[in-house]
Amino acid sequence: MDELAIVADGLRKRYRDTVALDGLDLAVPEGTVCGLLGPNGAGKTTAVRVLATLLRMDSGRARVAGCDVVSEPRAVRARIGLTSQHDAVDDVLTGRQNLEMFGRLHHLSPRAARQRADELLERFGLTEAALRPAKKYSGGMRRRLDLAASFIRAPRVLFLDEPTTGQDPRNRNEVWDVVRTLVSEGTTVLLTTHYLDEADQLADSISVIDRGRVIAAGTPAELKARVGGSQIDVVVAAESDVSVAATAIELACGGSPSVDALARRITAPAAEPVAALSAVLRGLEDVGVTAEDVALRRPTLDEVFLQLTGRPAAEKTASEEVAA
Amino acid sequence: MIARLQWSVYDTWTITRRDLLTWIISPVRVIGELAFPIMFVLLFGYVFGSGMVVPGGGDYRDFLMPGIFAMTMAFGIGNTMTVVATDIERGVMDRFRSLPMAPSAIVTGRCTADMINSFAGLLITIGCGLVVGWSWHDGLGNALLAVALLLLLRFACLWVGIYLGLIVGSPEAAGSVWGLLFPVTMVTSAFVAPELMPNWLGFLAEWNPLSSTVGAARELFGNVGANTADSWIGSHAVLMAVVWPVVISAIFLPLSVRRYQRLSR
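Sequences listed follow chains D and X, in order.
Okay, so the first sequence: first residue is 1 according to UniProt numbering, each after it adds one.
Okay, so the second sequence: first residue is 1 according to UniProt numbering, each after it adds one.
Any given hint could be a false lead.
Stated by the list, open to error - Each pair of labels, with its calculated beta carbon distance range: (1) D:Asp-260 - X:Gly-32: 54 to 64 Å; (2) D:Gln-115 - X:Leu-239: 30 to 40 Å; (3) D:Asp-9 - X:Ser-104: 50 to 60 Å; (4) X:Phe-119 - D:Thr-127: 33 to 43 Å.
Simulated from the structure, these hints should not be mistaken for lab results.
Given the structure is predicted, the values throughout are model-derived calculations rather than measurements.
Beta carbons are placed, not taken as given, at the ideal position from N, Cα and C, and that holds for glycine.
Between the sequences and the hints, there should be enough to build the whole structure, so can you do that?
Spelled out as C-alpha cells, the structure:
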C-alpha cells in the first residue's frame, strides 16, 4: 500500500444530467508516470480535480501521497503540484514574483521563497526572463513557468492535466523533457492527455478512460498487444490500385484491412508478422500492384483506442482543435 | 489554532502583495485606473457642469465632488469582478485552491488589496477635487466620517464584485455585466439632483443606495445640495449610508462564500 502514490477506489461524480465519473479505479506506484487516456468528456479532468482536492466526489475513496483526499485535503495539497491546460500564472507579475508568491503560499519564508524562485527559474531555463512580466513570455516559457510553479515543494505527486494541449511540437518536447527529469528524481506523475503519442512517450502505465470509468489498463506495450500483434502498412503507387491491393492484402493477412485512400495506405493486422509480410508481397505481385512502401510495425495507441471504444480518439481531437 | 491564524494572515498578505506589486511593475495601468474619476471631474465639472443647476443654488463642482467620490467607490464593483473572473478563467483560482494555503486568504487578500487601492483612489480624487475648488466646510471630523462612509460603500461593492466575478467566470463576460451595471451607478443623485428628474426616475435615483452615500457625503462635507429633498429617504442620508452597505454586505457576503464553496462541487 505504501508504494502506491495514488489510489482511487470507485470514484463517482455526477453533475445534474451527466455522469462524469462512474466508479473510476486507479493505482499508481510511486515514481512512475500514469497516463489517463481518453476522448474529451471521458472524465479525465474530473478525475484529476477530485484527486487534487479541487472537486468533491459523490462517493468513493482516494489517497494521494499517503493522505486521504477528503479528510486531509491540506496534507494532500502540501504534497502535490498541479498543472492544467491553462498557464495559471499572474500575467502582470514577473516570472520571479510569480514563483515567489506561490512559494510564500506554500508557507516558505519570504527569503526561502525568493531563493526557491531563483532555483526554479534556473532549472526551467527562465533566469534571463526572471524580471519580465509573464505576459511578455512566449507560449513555451509560460508553460515552463507554470510547471515551475507546480514544483515549488518538489511534490511527491504531480498532476498534469493535458499539459501540451495547444502547444507546438517544440514546446511539447520541452515539457516532456522536464517531466522525464522530474520523474527520474522520484516524482509520481498522473498525466491526462488525448494525444496518444504523448502517453506513449511518457507513461509507464496507461489507463484508458471512457464515460467515467477505466475500460483498459496496462503498459503501452500490453495495450498494443491487445490489438493483436503487429500491423502491416502498405502504400501503393497509384490511387486506382488501392481497392485491388486492399483485397489482395485481406486475402494474405486473413483480417479486414483499414484503408486510407487519400494517403494510398492500407493497414492490416498481422498475427504472424513475417509470414504475413511475404504473403502480402506475393499477393501484390500477383495482382500487378506496385507498392511504394511496405512496413511492419507495432500498433499505435490510436488503434488500441479504436478497438477498445469502437471509435477513434483522433476524431475528437480534431474537432476540438477546430473549436479552439 | 493560533498557528493557523498566523498563516491565514501571512497568506492574506501574500495575496494582497500580489495586487500591490502592480503599482511597481505597471504603474501606467494603475494610473490609468485612477485617471478615470479625474476624467469624470473634468467632464462633469466643466463640460456638462456649465449647464447644470444645483437646487438651492451654489457651485456645481461643490455639488459634484461627493457624487464623484461615491461613484469611484461603486466602480470598484467592476474592478473586483474583473479580477476575480480573470483568476477563474486563467486557472489561477484553481492553482490557489490546490495550494496548502488558508483558503479564506484568497478572498481576504482580494478584499484588503481592493480596499487599499480604493482608498488610494479616493485620496487622489479628493486631491483632484481640492484642485478644482471643492473643499469640506464642516470640520475635519465630519470629513473623515464622510470618507469612512464612502469606504463602507466600497466594502459592500466588494462583495457584489466577488459574487458577480464568481458567477460570470471570464473577464469578457465581466465586461458585459459591467456594461449593464454602469447605468445603474449613473441613475443617482451624484450628478443631478433627483428633484430635477422626471418623477419616476427621480424616485429610482433617490432609492439607489449610491445616492444615500452621496447625500451623506454632501451633508458631512458641508457641500451644497445636501438635505434639499423633502422625501424620507432624501432626508435620512447618513443613516441610509450606513444601512444600505450593511444590508448589501449581509446579502452578498454569504452569497459569495456559498458560491466560492460551490467551486468544489
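Structure-based check of all given hints:
1. D:Asp-260 - X:Gly-32: 54 to 64 Å: 55 Å, holds
2. D:Gln-115 - X:Leu-239: 30 to 40 Å: 54 Å, violated
3. D:Asp-9 - X:Ser-104: 50 to 60 Å: 31 Å, violated
4. X:Phe-119 - D:Thr-127: 33 to 43 Å: 37 Å, holds
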